[in-house]
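Join the two chains, each given in its own frame, into one complex according to the hints.
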Amino acid sequence: MSEQTKKRVIIFLAVLVLFLVYMYRVFDLEDDEKTSALFDGFYSEQEDTIDGVYLGTSAANRYWIPSDAFEKYGMTVYNLGTASQPLVLTKYLMKEVQKTQDPKLYIVELRSALEEPDGFSETFIRRVTDNMKLSFNRMDAINAALKYASKGNNTVTQDRSSYYLSFLKYHARWDGDIDLFDLTAIETRTRYKGYWTSTGKTLRTEPQTEVARTSAAGSMNEYTEDVLKDLLDYCDSLDADVMFVVSPYYPDSLTEQYVLNDAAKIVKSRGYPVLELNTSEKMKEIGLSGATDFYNSRHVNWYGATKFTAYMTEYIHKHYDLADHRKQKKYESWNQAAGRLKARIEKIKEKNDAKQAE
Amino acid sequence: MSFISGEFLLFVFITVSLYYIVPRRFQWVLLLLASYSFYLFAGVKPVIFIVLTTVTTYLAGRWMGRFAKNEKKKKKKILVALLLINFGILLLLKYYNFIAVNINPIFRIFEYDVSMPLVNMMLPLGISFYTFQAMGYAIDIYRGKYRPEKNLAHFALFLSFFPQVIQGPISRYDQLAPQLLEGHRFDYENMKFGIQLMLWGFFKKMVIADRAAIVVNTVFPLYYGYDGSQIFVAMFLYAIQIYADFSGGIDIARGVGQIMGIDMIQNFQRPYFGTSVPEYWRRWHMSLTNWMRDYVFFPLTLSKMSNRLGRWSRKRFKGVIGRQIPAYLPTFVVFFLIGVWHGAGWGYVVFGFYNGVIIVLGMVCQPLFSVMNRKLRVNEKSIPWKVWQVVRTFLIMMVGKTLVRANTVKAGLAMTLSAFDISSYDFCNLPHRMFHMGVDFNQALILCTSCIILFFVSFLQENGIEIRNTIARQRMRWRWLIYFLAIAAVLVFGVYGPGFSVGEFIYRNF
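Just so you know, the protein sequences line up as chains A and B, in that order.
The numbering of the first sequence is our numbering, which starts it at 1 and goes up by one.
The numbering of the second sequence is our numbering, which starts it at 359 and goes up by one.
This is chain B alone, in the form it adopts within the complex (with noise of 0.2 Å):
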């Protein structure tokens, strides 16, 4: 089920109506019961998936849960166990086929006589999401950060509470499943501003990322019969619809928690606001950065071996590259992951690969950097420094989205050099090449216009502003003329439905 959907909003308005109307201590069996019916719209083969995901890291947590903590070894078999199982499916069912593709040539090259068949498997819906957050739940018993649920059904509510099974955030046991299973009272404030962060959602899926998706759409996979500044504006647009359509159901998925009283936590803080590439992954997907920060960033540098790693670089590489290389294998690491988890393609892997570079690059370079700009007489902390930063690091992830985008990294990369290459722009009729990219004037007006709103909310918020609280303590008719205004964008504006041309009603001579 879409969250763009009247069956959704639909489901929402029973599922929060029942919440508020049993008795507290029975809410989370609601939500439970909502979930999974939730994630059978999908289908009743994706649910194995999820309850074997589900019963396999409860086990697995109440064995863990009997050792004591000096007993690491048997609990690490427990755990390497687990991930192998459920990482297995993961790999499995979303990457089987990349690899046997990729893998035949070789053995053709080497003469064997085997090939990997391809195979039609479904992917089960958000299966990405509730391994990761299930896994994460595993080692942190494994670290006994907390104890394990003993409750099955508690668990099973952690890991389908249905908002976030779609598109994340991947949430922390801790912080969530206490919320799931404490009852809550209505309240009217957290009503009001979760309706208005779901119709915030729907305004950036809707309206934004599904218009800019219209000419992405439509130059993407014909890029080479549009000059550079087309192309430019196509990349520029999928950066955009990208970040509206994921921040957007995320603010949809947080809106419904809310109206239930339950926060989730933030996965976007204004990304394109990023001053460098690393920041830019700090505020971008936010609840995948962090798993990846503490489930492997942390244990591979805090490695022994990238102890021994940095002990060797300190002692032949003086000042901060000395300090720095044992990072740069796990941060490639990571990179990677972040890359193939978001799919299966050379386009995931070399997105990986290029942030990993970036940032590698930026940590070898950054004394090189910072004597550039004292000697320069760069101020750091002025304001078109920043602007500076801000455009730079938008501009380097620009590139990266569209090596994933584009129909291959070959592709990517001369969609890249026609952008950056001002002499393959045509000035020539602009403006009339412009609206030959899908949209015409009106849709291009509304996409400038939602951007500029977009853009203008982001940075009210990136100083502080909080947009909701600030609405709220107008007077009432500026507060109810917003409200009407956003309703009446997104219901008009949005790109939905079976679509409308004037020339369908001419009347046929029947």
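One chain only, chain A, in its complex shape (with noise of 0.2 Å):
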């Protein structure tokens, strides 16, 4: 082969590597909750500037407004929390994190231990190890999810091929899916640190009636009782601080709270802490009304969501030793967040303001 073809082979494998990963980049895919924007934001982040990790369900990423927080006090606790974020992820999450990051506290959302194998969904898998960088930690996630899902009665797919590579199963939206944004293949990153934002929910009101609420414990399923309790041992080891939240919402049925109570049972036998804020008096204490802050009965809108990081944001600075960055200029990005955030409630209000109009 002369030095010519060698030439021309190099670069047309160099050619073909950055076309396999723009291919890959347009095929991937970003769900309606911008699941790949929060975690291509999380790896833009500077190394080791986030003091916290909150992780969890919608039940997180509704709630905590890391914004808000680093206003009052300073302190990034960024929000990874993801719909129907797996509990079975969260060690894993707390890998990934600490390989960019160190932070000195995670928080987690508990409302992830009533998932059972049973009914246990693809995309909630999907939506976290998909957007997560290819990696033996990322690996070992997608194994632990679907061991998990094997343990059920459920629609995931075993295929591990495809939860490694997703181009394996996103090539087939060019039926349909693809649009002109996608084939930019520019890579879209959370603005508001994590807070998860949509038109037509964040600013809605639906007014809640209470609900029977109880502190008896029930038992949560064996499956992810032995998930919390592998959890709680990786969080054993970590050099960290980690609180539990059970976030405030108009469950269901007394089941439901059964096993959040059992859930919180267990992680307070182990010496962790948990914040069990779905009582009527928590929820009086935080200010939360059912009558204006929640956009359905498990969720907290714009209004609620102040109100709850308010009270989380003094709780955390009362209990762990955070350091205020607000005056630093690595950490003008946090700054701005701010900024973005209420210049996109604004624009929801303007849009709401003028639906209403017409």
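None of these hints come from the bench; they were simulated from the model.
Keep in mind that this is a model prediction, so the values were computed, not measured.
Here a beta-carbon is modelled for each residue, glycine too, at the ideal position from N, C-alpha and C.
Please note: incorrect hints may appear among the correct ones.
Said to hold, decoys possible - In the PhoX-like style, the derived pairs of lysine-lysine whose C-alpha atoms are separated by at most 20 Å in a straight line are:
1. B/K550 / B/K427
2. B/K430 / B/K662
3. B/K427 / A/K7
4. A/K99 / A/K72
5. B/K550 / A/K6
6. A/K330 / A/K72
As the list claims (entries may be wrong) - Derived CB-CB ranges, DEER-like:
7. A/V21 / B/Y504: 48 to 56 Å
8. B/I467 / A/D159: 45 to 53 Å
9. B/V477 / A/I11: 30 to 38 Å
10. A/I11 / B/L803: 32 to 40 Å
Said to hold, decoys possible - Sample of chain A residues at the chain B side, in silico, Cβ under 10 Å:
11. M1
12. I10
13. F136
14. T157
15. A185
16. I186
Set out below in structure tokens:
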């Protein structure tokens, strides 16, 4: 092979790799929750600038407003909550965080303890793992999630390859799900440090009627309990504080509360603090009103989120020693996030007003 | 390990890399190790069968090699024993249950209190291919075509060479073995052309065959719910599917071989451009057809019985028929064997007879057709006539394949009647119904476009244009554009992976 041919082959292979990366990005799924933007935003954070990470389901990313906490005390607690985030993935997300950050505090929202392998969904897994960078940790996360899924009656495909290499699944998006923006392969990043917003929901108010509440504990699903215990074992090995939260909502049944109470009991028995905010008294203390602060029975709206965040911020400030970064230039993006979120809320208000006027 | 898998690509990458790293005199050892490793992916048990065929054929070959040319009787005994052992294994593993299912009712009719039990037997990977390849070698040794292989490991490589072991081609020892055993230097052209051939194979298999399969799998089992036009489309697509699938796999196998400097024989030569059924069979699965020609057809036509039949028929019948009668029986036998070689089922048996009948009828009626054409002043060299012949042959083969693919032969016949009965066509809302066959508009568009590409490429090849050489002569930017488009087409439009539904990711209110 001549030198010129060798050069051409190398250039061809280099272009091919770029082409494949481009294809991977084009067909990468941006779900309606914008989860990839959340992860891309997290990965783009400067190293060792995050004090804490908030993990969990939509009961995390609809509740915790990181920029509010930053404005108040200068703490950087990133929200890595994703819709229906499986508890089994929490450990791996913690490991993922540690690759670039050295958080002093992990906050784990406990509503994911309600999950069971029965009815478990591939979407719950993919929403997290598809957006993690390719790594052995990601493979471990996939394996653990599929193992958990295999315990129950559900439609989760056990074909691991399409989880490891999501293109195997998403290439089929060519049939009606690819738009011009996808073709640009532009990486979008969350602008609010993980707080989730939606034009239709963030400012929507749906009055809630009080439900029966209980402090009695039932028993959580045995497989989910194993997952929780495994997570607690992992937390024992961390050189960081971990706290658990049960955020306020209006549960459909007492059964859910039994399970959450049981999960809280297990966590407390291992010596970790659990903020059980899902009681009428605590909701009053936070200032949450069923009449104005929820967009549905399971989620607070922005008004509720600001109150919840204010309460949590005070709690964290009181119990954990997180530095104040407000005057540090390195943290400018956190200041910007606060401004952007305000602007976004204003925009949603305008849109809603315009809609009402119509 | 399927050709359409990441594991296979990784396996090929590792094998090819090592192939050019190890000294050339050890390359064949590497190929043998790789081939048996590849085979082991299917399990340990199948390896026992390929080893058995390898050892028995090797020993029989060596044994036959000891006898002089004139000691044919002794050699024949060894050959017959070998054929019985190996075809016996094939018969047992592949056809036992089919025979049992069909013979048990006969026992009951004659009130015999016996029944052949059905047995759950595994079918070793590529057993039909390597058995025929091994037996071809043994017959050649018997005939004294070449000397038997002395080295068992060399012979084992010839039978197990991994690109061909799944679906052929059925190679000949004198063509393949020397290439496997001689060392090969890295050759950029071979590498380039081999990868291109693999890519073309992936395109045929993943973009065309597997997409056509969606329609076929939707319509064939429930054909009675579809009108004639839909059944015709499904039958047409099955003919396309089976060609694209089989020839695509062969292209991948030949591409892998070419990367390592090993030129495997052609197995397809654009069969749907055949102008008659015999010509179609000279172009389709050529390695099997040639095997049947050399090891079944010729021995039968050259046998003493055939000679006696020939003398008798020439006396009784004048002209072409008198000369052709001795060929009728071997033709039937060959096509019966070709039919059942493909699988155990009445569909395959009928398919074999169907081809045999059509070819024999063609031979019988040839003089009549010639007279008709002369009287009707048909220009047999004109393009429209050739097109008609191609279309006619395609339709005949399409019907034959339907008989195999349909749930039962009866269902295949019913489908054929419906497809060729215009009165069964429901022309109301035709476009709408066309997309109720398992594929939506976009999928149908991709299927049509890719079939047109396949036709266009085949047409150019049929006219002597070598596509890869033609591309190689283009400017670099055009070449690269073609390569990237081909890669993108396979990656994006290929049917693989778990599938995607937009609705999956609509947020659940958890």
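Practice task
Could you tell me which of the hints above the structure violates, numbers in ascending order?
Solution key: 1, 3, 4, 9, 12, 13, 15 and 16
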